[in-house]
Amino acid sequence: MSGAAAGRLPEGESPWRRAWLRLRRRPAALAALAVLGAVALLCVLVPLASPFDYATPDWDALYRAPGWPHLLGTDDLGRDLLVRVMWGCRVSLLIGITASLVSVVIGVTWGAAAGYAGGVVDSLMMRFVDILYTVPFIPLVIVLTVLFGRSFLLVFVAIGAVSWLDIARIVRGQTLSLKSREFIAAARALGVPAPTMIVRHLVPNLLGLVLIYATLTIPAVILFEAFLSFLGLGVHAPLASLGTLVSDGASELQSHPYLLVIPSIFLTLIVCCFSYLGDGLRDALDPREQR
Amino acid sequence: MWRFLAQRLLTAVPTLIIIATLAFALLHATPGGPFDSAKRIPPEIERSIEAQYHLDEPLWRQYLRYMGNLARGDLGPSYQYRDTSVNELIRAGLPVDATVGTCALLLALLLGSLFGIVAALRRDTSWDYVPMLFASLGIALPAFVVGPLLILVFAVTLHWLPSGDWRAGSVRYLILPVVALALPYTAYIARMVRGAALEVLASPFIRTARAKGLPLGTVILRHALRPILSPVVSFIGPAFAGVLTGSIIIESVFGLPGIGRYFLTGAINRDYTLVVGITVLYGALIIVCNLLADLCYAWLDPRVRLRS
Numbered sequence: 084m085s086g087a088a089a090g091r092l093p094e095g096e097s098p099w100r101r102a103w104l105r106l107r108r109r110p111a112a113l114a115a116l117a118v119l120g121a122v123a124l125l126c127v128l129v130p131l132a133s134p135f136d137y138a139t140p141d142w143d144a145l146y147r148a149p150g151w152p153h154l155l156g157t158d159d160l161g162r163d164l165l166v167r168v169m170w171g172c173r174v175s176l177l178i179g180i181t182a183s184l185v186s187v188v189i190g191v192t193w194g195a196a197a198g199y200a201g202g203v204v205d206s207l208m209m210r211f212v213d214i215l216y217t218v219p220f221i222p223l224v225i226v227l228t229v230l231f232g233r234s235f236l237l238v239f240v241a242i243g244a245v246s247w248l249d250i251a252r253i254v255r256g257q258t259l260s261l262k263s264r265e266f267i268a269a270a271r272a273l274g275v276p277a278p279t280m281i282v283r284h285l286v287p288n289l290l291g292l293v294l295i296y297a298t299l300t301i302p303a304v305i306l307f308e309a310f311l312s313f314l315g316l317g318v319h320a321p322l323a324s325l326g327t328l329v330s331d332g333a334s335e336l337q338s339h340p341y342l343l344v345i346p347s348i349f350l351t352l353i354v355c356c357f358s359y360l361g362d363g364l365r366d367a368l369d370p371r372e373q374r
Numbered sequence: 014m015w016r017f018l019a020q021r022l023l024t025a026v027p028t029l030i031i032i033a034t035l036a037f038a039l040l041h042a043t044p045g046g047p048f049d050s051a052k053r054i055p056p057e058i059e060r061s062i063e064a065q066y067h068l069d070e071p072l073w074r075q076y077l078r079y080m081g082n083l084a085r086g087d088l089g090p091s092y093q094y095r096d097t098s099v100n101e102l103i104r105a106g107l108p109v110d111a112t113v114g115t116c117a118l119l120l121a122l123l124l125g126s127l128f129g130i131v132a133a134l135r136r137d138t139s140w141d142y143v144p145m146l147f148a149s150l151g152i153a154l155p156a157f158v159v160g161p162l163l164i165l166v167f168a169v170t171l172h173w174l175p176s177g178d179w180r181a182g183s184v185r186y187l188i189l190p191v192v193a194l195a196l197p198y199t200a201y202i203a204r205m206v207r208g209a210a211l212e213v214l215a216s217p218f219i220r221t222a223r224a225k226g227l228p229l230g231t232v233i234l235r236h237a238l239r240p241i242l243s244p245v246v247s248f249i250g251p252a253f254a255g256v257l258t259g260s261i262i263i264e265s266v267f268g269l270p271g272i273g274r275y276f277l278t279g280a281i282n283r284d285y286t287l288v289v290g291i292t293v294l295y296g297a298l299i300i301v302c303n304l305l306a307d308l309c310y311a312w313l314d315p316r317v318r319l320r321s
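Those protein sequence lines, which keep their order, are chains V and H.
Take 84 as the starting number for the first sequence in the numbering used here and just add one per residue.
Take 14 as the starting number for the second sequence in the numbering used here and just add one per residue.
Everything labelled a hint here was simulated from the structure, so no lab data went into it.
Possibly wrong hints are sitting among the right ones.
Claimed, not checked - Stretch-level coverage of chain H by chain V, calculated; a stretch enters the list once three of its residues show a Cβ under 8 Å from a Cβ in chain V:
no.: 1; region: 92-104
no.: 2; region: 145-157
no.: 3; region: 297-307
These numbers come from a predicted model, not from an experiment.
Don't be surprised by glycine CBs; every beta carbon is placed ideally from N, CA and C.
Using the sequences and the hints given, assemble the complete structure.
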């Protein structure tokens, strides 16, 4: 062994870097990431650059077919569809990401606390999750949104509050197996209190798993918001989400099919990309998949 | 197994009580009542209506009265549909949902398993790529997009099938709603079955069966099918819950007279008993379906022991 090579320690590879390398070998996930980035960029830039806005009706331009100057045509009030679809993407992405964050925060806290506490506390907490699993949530969210008015914030919180169960279960399972590892024993020997233990030592090790399921929660949430919007329980007019656009388009399907088709394409694109990205992340990050 | 069944049914009772309490509390916690309307009603008539439906009593008495009736299977009178009980509304609507939902689940199971197994057998060919592409689309396309598109193609353009409405016992009215409802679950099951089938088909016992000269069909039906289907069975519980709530959309797209429609109008009109009744019914159906799924799971995979 030559002196120069022996003098340098082999560089440690961080798990995140290894994950990125694995993710890079999955073209579907990378393409999904690129498309999502493009959609995010467009939905910020297009409403800024366009001379039209999403709310003002133009009575001289009702139901224009796609063309110039309305690239994707106009709707029943003469509003530019491109700008409305881009606003819809903004709203849907925002709801998807925020509600997923809510569910991740609740799910990780609940699951990690249950797994770390163990014993009676653990079984009580998980029994509670089991019970919630059988609650018909979508009807309850419908009731909630009907009763408390169609507040934007409520839609976030309601969806986030009902979709944390899966994450809680997964995090608990992973916490149980992490708990028996040496670094946790070492931290406990140093007298680290339980909340610090969870936040500083357990959660960072769970981030990969959480990232996967958050990515897979986002499309589910976007579809759920679209579902609520279709029932007339989503965002308020004139603001649009992809769900309200699709549902408006569905009612004019026979006379103006592009009003349904164009928002549907964006909805499908976003949902598909998130699930491909989630699948790719699962292959790259899930410790159970490492062979 | 009987012990397992009894325990599960016993834990179902508190769950249902929690669901009913939650729904009851939510509905009563909000301002507005079922008899608020733009028309001004003379106060004495309003009081007499409220007395008739016991809305003038303190909330806890209403709650106890409701739970007592619930225990006897009586969901109370509907506020919105006068002179009709919630039980009658459910009895009228449930057969529609049950027919559409069952057909959709069966179709999804059948087609999903078929496409999944074929895709796994012909891995990395167009038999694999094309169904899986459609599966991705099927998961991402919501029923309220698929439904109108189906109507546009098969009812408006081709005139093959009616665009909506319902005739009891007529298959023609059943096809489009069932297809629209089944599509996402078909897609999901196909992807799940493909994954499971790839794993099972690579395992040694399948190689042994092939090596002793059994034809491929026999190997799949007799040996591979059970392990392939066991993850699908555990998905039936959530899928059933999804079909139930998905039918709310399907009903409004195709104009079916099911309970989802009553649920929506009930929630909007503060029809307390109707909404709580249907929510409890949904909960009970989900519990029963989860239980059945667990039993099937144990039957398919003998290593699973039934424990509560």
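Verdict on chain V covering the region 297-307 of chain H, where coverage means 3 or more residues with a C-beta closer than 8 Å: holds (count 3)
Given coverage of the region 145-157 of chain H by chain V, tested with a Cβ cutoff of 8 Å and a minimum of 3 residues: This one holds; 7 residues, not fewer than the three required, reach chain V with a Cβ under 8 Å.
Outcome, coverage of the region 92-104 of chain H by chain V - at least 3 residues whose beta-carbon is closer than 8 Å to one in that chain: Coverage by chain V is violated here, the residue count being 0 at a Cβ distance below 8 Å.
When the structure is compared with the earlier hints, a violation turns up for hint 1 alone.
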